[in-house]
Amino acid sequence: MAKVDFAVGIGGENGQGIASTGDILARIFARRGLNVNAYNAYQSIIRGGHTFLSLRASDQPVANLGDGHDLLIPLNQDAMDRHLRLMRADSRVVYDADKLKPGQAAAGVELCPMPMKQICGANKLAANTAALGAVLRLLGVEPEPLEAVVARQFKKKGEAVVAENVGIARRGYEYAGQNFRPLSFRAPKLDRAQAVLTGNQAIAMGGAAAGVKFYAAYPMSPSTGVLMWMAAHARQLGIMVRQVEDEIGVMNMVIGAAHGGCRAMCATSGGGFALMSEAVGMAGMIEAPVVCVDVQRAGPATGVPTKTEQGDLWQLLGAGQGDFPKIIVAPASQLDLFHTIPELFNLVDEYQCPGLVLSDLLLSEGTCSVDPADLDFKPAIRRGDLILSNGNGSGGASNPYGGYNDSTYLRYKNTPSGISPRAVPGVPGHIYVAATDEHDEDGTLISDEFTNPAKRRMMVEKRGRKMRNVLCQVLPPRLFGPEKATVTLVGWGSTQGVIREAVEKLATEGGITANHLQVKWMVPFHAEEIGRVLASSQRVIIVENNFSGQFARYLRSETGFSAHGHIRKYDGEPFMPHHIVNAVKEQLAGQTSLSVPRHEVLV
Amino acid sequence: MAKVDFAVGIGGENGQGIASTGDILARIFARRGLNVNAYNAYQSIIRGGHTFLSLRASDQPVANLGDGHDLLIPLNQDAMDRHLRLMRADSRVVYDADKLKPGQAAAGVELCPMPMKQICGANKLAANTAALGAVLRLLGVEPEPLEAVVARQFKKKGEAVVAENVGIARRGYEYAGQNFRPLSFRAPKLDRAQAVLTGNQAIAMGGAAAGVKFYAAYPMSPSTGVLMWMAAHARQLGIMVRQVEDEIGVMNMVIGAAHGGCRAMCATSGGGFALMSEAVGMAGMIEAPVVCVDVQRAGPATGVPTKTEQGDLWQLLGAGQGDFPKIIVAPASQLDLFHTIPELFNLVDEYQCPGLVLSDLLLSEGTCSVDPADLDFKPAIRRGDLILSNGNGSGGASNPYGGYNDSTYLRYKNTPSGISPRAVPGVPGHIYVAATDEHDEDGTLISDEFTNPAKRRMMVEKRGRKMRNVLCQVLPPRLFGPEKATVTLVGWGSTQGVIREAVEKLATEGGITANHLQVKWMVPFHAEEIGRVLASSQRVIIVENNFSGQFARYLRSETGFSAHGHIRKYDGEPFMPHHIVNAVKEQLAGQTSLSVPRHEVLV
Amino acid sequence: MSTALQVEPTIETSKSGAQLVKDTYKGKVHPDWCPGCGDFSVLSALQTALLELRLSPHQVVVISGIGCSSNLPGFINTYGMHTLHGRSLAVGVGLKLANHELKVICVGGDGDGYGIGGNHFLHTLRRNVDLTYIVMDNQIYGLTTGQTSPTSVKGMKTKSTPHGNVENPINPIPLAMVGGATYVARGFSGKQKHLVELFKGAITHHGFALVDVFSPCVTYNKDNTYQWFNPRVKPLEEQGHDPTDFHKALDKGYQFGEEVPIGLFWKRNDLPTLEDLEPVLHDGGGPLAFRGLGIPGEQCRALIQELL
Amino acid sequence: MSTALQVEPTIETSKSGAQLVKDTYKGKVHPDWCPGCGDFSVLSALQTALLELRLSPHQVVVISGIGCSSNLPGFINTYGMHTLHGRSLAVGVGLKLANHELKVICVGGDGDGYGIGGNHFLHTLRRNVDLTYIVMDNQIYGLTTGQTSPTSVKGMKTKSTPHGNVENPINPIPLAMVGGATYVARGFSGKQKHLVELFKGAITHHGFALVDVFSPCVTYNKDNTYQWFNPRVKPLEEQGHDPTDFHKALDKGYQFGEEVPIGLFWKRNDLPTLEDLEPVLHDGGGPLAFRGLGIPGEQCRALIQELL
Ligand SMILES: Cc1ncc(C[n+]2csc(CCOP(=O)(O)OP(=O)(O)O)c2C)c(N)n1
Ligand SMILES: Cc1ncc(C[n+]2csc(CCOP(=O)(O)OP(=O)(O)O)c2C)c(N)n1
Ligand code: SF4
Ligand code: SF4
Ligand SMILES: [Mg+2]
Ligand SMILES: [Mg+2]
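Chains as they are written, first to last, in this note's numbering: chain U, 1 to 603; chain L, 604 to 1206; chain C, 1207 to 1514; chain A, 1515 to 1822.
Worth flagging that the hints you see were computed from the coordinates, not collected in a lab.
Be careful, since some hints might not be right.
[What the hints assert, rightly or not] Straight-line alpha carbon distances no greater than 27 Å define the calculated DSSO-like cross-link-like pairs of lysine-lysine that follow:
id	chain 1	residue 1	chain 2	residue 2
1	A	1781	L	759
2	C	1428	U	124
3	L	1016	C	1232
4	L	792	L	606
5	L	981	U	455
6	A	1781	C	1360
7	U	124	U	101
8	L	720	L	760
9	U	585	L	1058
10	C	1428	U	157
11	A	1736	U	413
12	C	1232	U	157
13	L	1087	L	1123
All chains, full assembly: derive it from the sequences and hints.
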């Protein structure tokens, strides 16, 4: 069976319903069993501006937005002018002929002007629906799924409205059938419907699966979707969801809840994380297990709130004064986010330290399909040495109730692993103070009367020791592609999908053998394994979505390894496969060792 | 002339006047022309605990606290018990025989019990004074300077009180003359009186010399001394000094003042800095020149507020989400702090970015003497491309008043150097908005309506480009000691003094040729020069006051160079020369590549 | 409109030949707020106030945080700063002290000012710095697309509280009064002229002035709309309210129901500003920003002398 | 002592066999405050209050920020947290919601609570979370050795204001009232018994309770000393004050001069707590902290269904 792989672009201004139109299409495709991947380029503005949604679908997995579009739905002149010239050969442009004028289209691009007044009548809001009908027709998809969606959407407004809108969808469909040449391929129909979700939903659902009972947030793009999911599902899942006064309050509240025994989580973006960083140190010091997600966006400062970047790695590495254990992980896809959150909760519960997740706008607001069977809501739960008053923790309330002034329990016991059994407040016989001042094994401050350099050293080493074992518990990155290759592409986090496709394209289009290493665990870092792979690579090129090469420098700090080349992008937009392909080619040709691909689409 | 080098230890509890007793002694020595260096080991407690002040003096420069003491003044039994056993041979212990019992003294230590009741009469508070008299006698220093200090101290209380206290000082002096054997050396008297200052004073005075007109702070040990100096001198020097509600407010206020045209500064410690980190990014984005000092203390979180550490390097490196230029410098001594602040102000004014200074408790609260001639209050001032409305900036108000809606002035002009002329609010004809959202050359936001990946890229590169030139404007580190050596010791910041002495001791005591590289400029980093020196070194050992080897990892991230060995200390106390000497020996003997010296003194 | 609110233009007028007209204050960029957003009216009223006070654009700095409302500096032709979310007051105080001859006007949203910016609000109030703070209070987080704000009414359904807000809102009027503000007013976007007078009063007031403006978010706040406010708002000036009566002003401030008072609630002139109390600003040297950087020789010697 | 303040011990008593006595609440470590510090008295009053309310140590969590006063958790035998400077309330709310069966008592200093912690204070007030907040108000920064605090009186000379403080202090009583606290009291370290009653009232109060305690710093505050307060403090209970009279309570709260009222200024019982309004806590599952982590199968299917 030939591979079908196509992309639809929908452009216009904020407020024209682009996201929901894209969503309808994504659902229709996913229900057919197609894999989809969508990315919405928009602005920090409620109405106006220019929004461009790319929706790619295939019968094969698609993990990035691809290189171009087969269908364009420009909703205003601006969108037409920006995107028409970039359309692929043999593509179709569906637009309102009463409103928009096409410019010069590239060769082979077919214009599909629709007389929207005629099709939609007085209902000006329905042009999107008519266009969707036409698009389905061009793709050889039957109109019923669209009609069903439209019917559901307008159900509340009564039968007449439903009939009107369904009629419009159908008329759009038929008009296209009568007037336009269908595309050269048809969107296939596969057996198994796919689920569609954003990265933020994946984070939230991962949290729910992990047993999060406390979620706090202060709204901040592009992390707000997590709060929204949590708020919407709070009552049904028994999760306490709080919108707090600021991010400082968020992190401190989450620490309070975690200290109390809940699995507790929060998500924010770089600026909010900066405000949380002092409290991250507190979690390190009092050994409270918390999970915090930083959904990166283009910085510095407020930056470009609706644009993507991988610019916070060093911020997370350096978060909080002093040295203390923290785990940092950069999942590579929406599904990976879903699975990583429960895994991280197990680690932070076992190692009693903060766990930080690096997501970014591309992953978190990007939509993709996953096989519903992969959404496992019953992950393994390990809570480590936890003493809950109802005996629910795996540590169990083994310490007998030793009277009020019990002193046998040492919250910060200096054990060989560095891990000390953790009782939560409320457990009889385990009273202690959790202090951010340096403290002794029993919690007594050693910052005032009882300072003691030997004890201070002991406690620093106790906490530090915990990190030794984490490394063996998480998987080292695996090389993807042939073991011997001309180029090894190294990425981290959200770039996995696009790098993989670039590797394939290099082979098929350029005859260049490449392989790929995607690093997920930042702290702890598999320095040895990664160092070994890279040392035996012919040419290592690091791909990352930032200006200064944050990962390249971190990789060197942990391994001493200096990459041969770099591909970076810091214009707010994600990589497209051809950006990487072309950059690799120019580097192999010896033209540069630092490529900064130009984003051709003006969004 | 033989080198004289001795140290006095004063121990007791907080509230016993240890700091002021030490201060009197330091002043007396410095007025004799001796070089002094003092460090006070104390706790986060107002009364009680154990405080131990080490005061070292020499006719040669002294840049660290040394290895032991020739004189001990224990003010309570606890101090006697902790320190007596650590005294050098031929040392003296001066104490109140009515109150304290000596334990077993090491060989050669001479006890000097003083009948304080008899010497001080009813005046119990004067025992310190009597002890000081005795100490001076043992050192062969005449009593007059002490008597003068005492007289000044009690002037306000009337002649009788003065006479009483002066009498006590004199009686202490005489009692020692009659009963104790003087030390084998005498404190010499040199020509030129030395000035005595702490690092915090040096920071504040450096700011004043640089022309700081706005200083804001939130109290935080060990940085509060800067606020105190500023507050005390505000009116006389015309500096606006504000204590603000929190560190977030501090940094934002400082940015506001800097944006307005003032040289503006703040100081804090790690926890406060964490709270400021978001605003550091704002300074980067709106290109406001500010200077912020992080006086590091033992972390994480509240940690040990009165103990030293070099634990914030990565916090500063990662401060603020995203990539933006910031300068980071770690001065190596009190005098270096004084000179670095004005130098940094020139750089941040020229490059329009935040400048961060890494001090630490050891430097900032440590006292040392400097030649008054080195305190140059007229440093060169360079304000860069600044347009002030009174034409005071070097850029001058060259842009003619172009009407209200002038649009020729581009605040963020994309110049080859990346530096754009900076007008401050109030200048006619230069109106613009300084925005933390990404913006175009004229300040217009490109985060909403006008997003544009090409412009975004241009602006990121414009800001990034500024850092290229900074490097040539600051001095690369110079190798101290012989060019060829068995061991190269590398340090940063406050460890310079102790490493230098260790280098000397290795040569004289161990016959080991060592040299020393102290790195001061962290960002920009002299990667090439440093890499070259280290690559040609036989064995490189990095000395730093933290657990994780923050500098060692950063060095590797910038140069790829991995050191052969590490000497680290994270017990809250600073290095003493013998710690380093012994560690180097054990590493040369192949016993380990990571030495963590034990702090023998229990403070 | 009661004359009690009329303010005479007492402030220095432009020295340039250029004529001040309303367009003088038009920014480079046309506002990209949603059509109908209350913030248009706030912008326009502020421009009119500046014009009527004959303040030259370069003498004024408008400083915002982050939010829809905080985009205002881009739309007005004065010096501007668009700082961090919640930080406009801290930045504004720094700038004001650096150059106390500037007119500093901080602007922003309810989330920006009373949410994340709450601590600066609390402490700027009591310092009585001579600046104006205009809060475009739409009782919602606009820019982040509709979450609860500290002034959202209890029970309100938003994206972060789909079952209704369970927290009691902040009431900025009594809070500012008790916090120490010396000019406390509330306006409504639907009452332009009234707003202009409140702004003029605030800008000419010697001390910290808060003007909380009900500025409806037509996109995300479906509860407190123009339609809701229009019949309810009642100017205090029409009610003979005495803005020096603390307790009455408090009671009026609490009113939020069938009747919603707007206008000047509270004003006092007897409290010196922070600038008044800082002698550093009064030694004739002008704004700190423009003073020479050097320290006189005898001062240097004195500083060194302290160390000997 | 008026009986109006007497509180009956209504709270669950210890289930263990151990006898509750005052020493039960003695911490591992003897307080290292300066001799004479007002905080000793606060500690002792709190211990007495817990005893009289028959609260077992493990049912109570005392949460502080950073400061001299914030060292209190180390000196009392209950669960404790010693968090970051200014953050005790945020941590306390998180902990309370995680386990709403615990008695959460936040403690700290004036700088901690009203300075750096001001924003959490503002927003915790309005949320009416059922916890007690005790501020040891010495009108100075003690631990950092004597700088101005937000409650330092105007003109006070401190290490950071050697020429006298030029800022108007915060007055926590009116501020907390207007902010939405439902129990607002002020105590004095010199009046132990009165303090015990205020604490008992606060701990048993269903909602957010603030007790601001004048707790003199004998080392750094030479203005507002025991000697200064002793003749001035006047218990409201002796003056027939009605703690449901808002305006009177405000006026009393402002009094700070020849007479300084202490006692319960304001109390209301009609406002539900945040916990009352959060159905998640009322589904019979007990504290969130102790619930099972799994999601029932039909819920999982429903969640996936949403995505199809
Ligand atoms: C530290 C930080 N946290 C969160 C955000 C995200 N954010 C931007 S605007 C905003 C709130 C907007 O509400 P408001 O201040 O009321 O202004 P409005 O948009 O309603 O005018 C938030 C939460 C941010 N920019 N920075
Ligand atoms: C973020 C941060 N900033 C500053 C400090 C330093 N600090 C510790 S306690 C304190 C203030 C103490 O005053 P207060 O809260 O009134 O308590 P008191 O000592 O008077 O009881 C300060 C500023 C800190 N620990 N953390
Ligand atoms: S979202 Fe609301 S506040 Fe923002 S511009 Fe639109 S109407 Fe105005
Ligand atoms: S410094 Fe003041 S507040 Fe701190 S312990 Fe001493 S008396 Fe108490
Ligand atoms: Mg708002
Ligand atoms: Mg205090």
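Worksheet item: Can the restraint linking residue 1428(C) and residue 157(U) be considered satisfied, given a maximum Cα separation of 27 Å?
Response: Measuring from Cα to Cα gives roughly 19 Å; hence the hint holds.
Worksheet item: Does residue 792(L) pair with residue 606(L) here, judged by a C-alpha cut-off of 27 Å?
Response: Distance ~13 Å between residue 792(L) and residue 606(L) Cα, so the pair holds.
Worksheet item: Between residue 585(U) and residue 1058(L), is the straight-line Cα distance small enough, at 27 Å or below?
Response: holds, 26 Å
Worksheet item: Under the criterion that the straight-line Cα-Cα distance not exceed 27 Å, is the pair residue 1087(L), residue 1123(L) satisfied?
Response: holds, 22 Å
Item to complete: Could you grab the alpha-carbon distance between residue 1016(L) and residue 1232(C) and see if it respects the 27 Å cut-off?
Response: This hinted pair holds, its Cα atoms lying about 22 Å apart.
Fill in: Hint consistency between residue 1232(C) and residue 157(U) [alpha-carbon to alpha-carbon, up to 27 Å]
Judged against 27 Å, a Cα distance of about 43 Å means the pair is violated.
Worksheet item: Straight-line Cα separation of residue 1736(A) and residue 413(U) no greater than 27 Å?
Response: violated, 43 Å
Fill in: Holds or violated: residue 720(L) to residue 760(L), with C-alpha atoms at most 27 Å apart
Holds - the C-alpha atoms of residue 760(L) and residue 720(L) are around 22 Å apart, at most 27 Å.
Fill in: Given hint residue 1360(C) paired with residue 1781(A) - CA-CA distance at most 27 Å
holds, 21 Å
Worksheet entry | Pair hint outcome, residue 981(L) versus residue 455(U) [Cα-Cα no greater than 27 Å] | Since the Cα atoms of residue 981(L) and residue 455(U) sit roughly 47 Å apart, the hinted pair is violated (cutoff 27 Å).
Worksheet entry | Hinted pair residue 124(U) and residue 101(U), Cα distance within 27 Å | holds, 18 Å
Item to complete: For the pair supplied as a hint, residue 1428(C) and residue 124(U), confirm whether the alpha-carbon distance does not exceed 27 Å.
Response: holds, 23 Å
Hints 1, 5, 11 and 12, counting from the list given before, are not met by this structure.
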